[in-house]
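Heads up: the sequence shown runs through residues 1 to 347, numbered per our numbering.
Hint data in this document are derived by calculation from the structure and do not stem from the laboratory.
One thing to keep in mind: the hints can contain errors.
[Unchecked claim] Simulated pairs of lysine-lysine, DSSO-like, Cα-Cα distance not exceeding 30 Å:
(1) Lys205 x Lys224
(2) Lys224 x Lys151
(3) Lys130 x Lys337
(4) Lys313 x Lys347
(5) Lys151 x Lys127
(6) Lys302 x Lys337
(7) Lys177 x Lys122
(8) Lys151 x Lys216
(9) Lys307 x Lys179
(10) Lys347 x Lys179
(11) Lys302 x Lys122
(12) Lys224 x Lys249
(13) Lys170 x Lys224
(14) Lys340 x Lys316
(15) Lys6 x Lys175
(16) Lys229 x Lys203
(17) Lys127 x Lys205
(18) Lys243 x Lys151
(19) Lys302 x Lys346
(20) Lys205 x Lys317
(21) Lys122 x Lys179
(22) Lys179 x Lys229
(23) Lys316 x Lys346
(24) Lys211 x Lys151
(25) Lys203 x Lys243
(26) Lys137 x Lys307
(27) Lys175 x Lys18
(28) Lys302 x Lys175
(29) Lys224 x Lys160
(30) Lys307 x Lys211
(31) Lys347 x Lys160
(32) Lys137 x Lys175
(33) Lys307 x Lys170
(34) Lys211 x Lys137
(35) Lys229 x Lys177
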Amino acid sequence: MNITEKDIEQFFANECNKADAEEIGLYLHNNPTELNKYLNENEWQNFKTDIKLHPAVSTKMFDIIKTETIYNRKKYNWIKYVAAAAILFFGVFGIKYFTTNKAITENKAIAKIEVTQQPILKTTTNKTNKIITILLKDGSVVNVEPNGELKYYEPFENNKRSIYLSGAAKFKVAKDKTKPFTVYSNEIATTAIGTIFSVTSLKDKNTTSVKLYEGKVVVFSINKNITTKQYFLLPGDEFSFNKRTNLAKVITKQKIETKPITTIQKIDAEITNNWFMFNNQSLDAVFIQLSQMYNTTINYNKTDIAKMTFIGKITKKDNVENILNDIALLNNLQITKTNKGYNITKK
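Kindly produce the complete structure, drawing on both the sequences and the hints.
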């Protein structure tokens with residue numbers, strides 16, 4: 001390479017590539033008088049750098065300068081220029097090279113590390129005299145009654161959704177077959193996948209109860225010394241456990257199965273004891289019967305609800321809008337209220 005003044009100016013301006021910079025740096029090292037054109041004594045005295053060199057680079061530089069000093073002390077005046085040039089060279093190119101490669105290495109290492117959020121135990125206490133609603137990250141909805149307390153990890157741990165309840169609450173569980181939803185209340189645990197149920201476990205009462213409104217749940221004791229039996233509930237069933245006697249029982253409601261209908265027809269005496277039971281009915285049939293029972297209009301597209309069914313018990317006291325919202329929650333549907341009734345669409 002035929003080094004020109006322009007090449008040296010580009011060297012100090014950090015405008016040449018690494019190969020050219022190394023050759024120019026070696027040239028300045030062997031021809032220190034050339035530095036006089038670019039560095040004067042004042043510039044040397046005022047020269048400062050905050051750059052930290054790589055240990056291998058700084059050691060190599062020190063050895064070169066030390067050798068030159070021992071064997072030719074008369075060249076002291078230009079050695080400092082060589083040192084300055086070396087600092088500039090390694091500072092501009094060496095450090096850039098090492099830091100760039102270090103950054104790349106660190107970035108690769110960071111990319112390989114899976115970012116995991118540590119679960120945090122959250123506690124919510126209802127200190128009001130009204131029911132409060134909590135929306136969990138998985139889409140489940142919990143209505144906590146006054147003086148009720150809910151504890152859960154966010155995000156949920158591993159492949160389970162665990163809730164710890166003191167008091168009373170109603171749960172509308174988002175469907176997720178891979179992550180069972182379990183509510184722990186004293187000695188009793190209730191596990192569901194996607195359903196609606198309530199749990200009552202008051203501190204001043206001896207009884208813990210679980211009532212199922214829709215879907216299926218399994219109730220069991222976490223204390224195997226009490227019982228190892230599992231209780232599978234169907235809609236309308238209510239489980240009761242006495243903490244004082246350690247006795248459990250299930251109250252089963254008489255269920256009336258409705259037959260699928262394709263045309264609107266009047267419901268006769270199919271409501272017994274003020275409650276009505278749907279047992280795996282198609283949503284088409286359910287909406288038709290609900291529209292008759294509550295004398296309202298329910299509009300929907302049959303293709304949107306094809307293959308969707310409903311298992312649940314309703315009573316005359318239940319609000320039709322709440323019933324529709326519960327059905328929509330479990331089937332990813334959207335309810336819109338109109339002047340004449342309700343529109344049901346896919347989300």
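Q) Which hint numbers does the structure go against, in order from smallest to largest? A) The structure conflicts with hints 11, 15 and 27, although it agrees with all the remaining ones.
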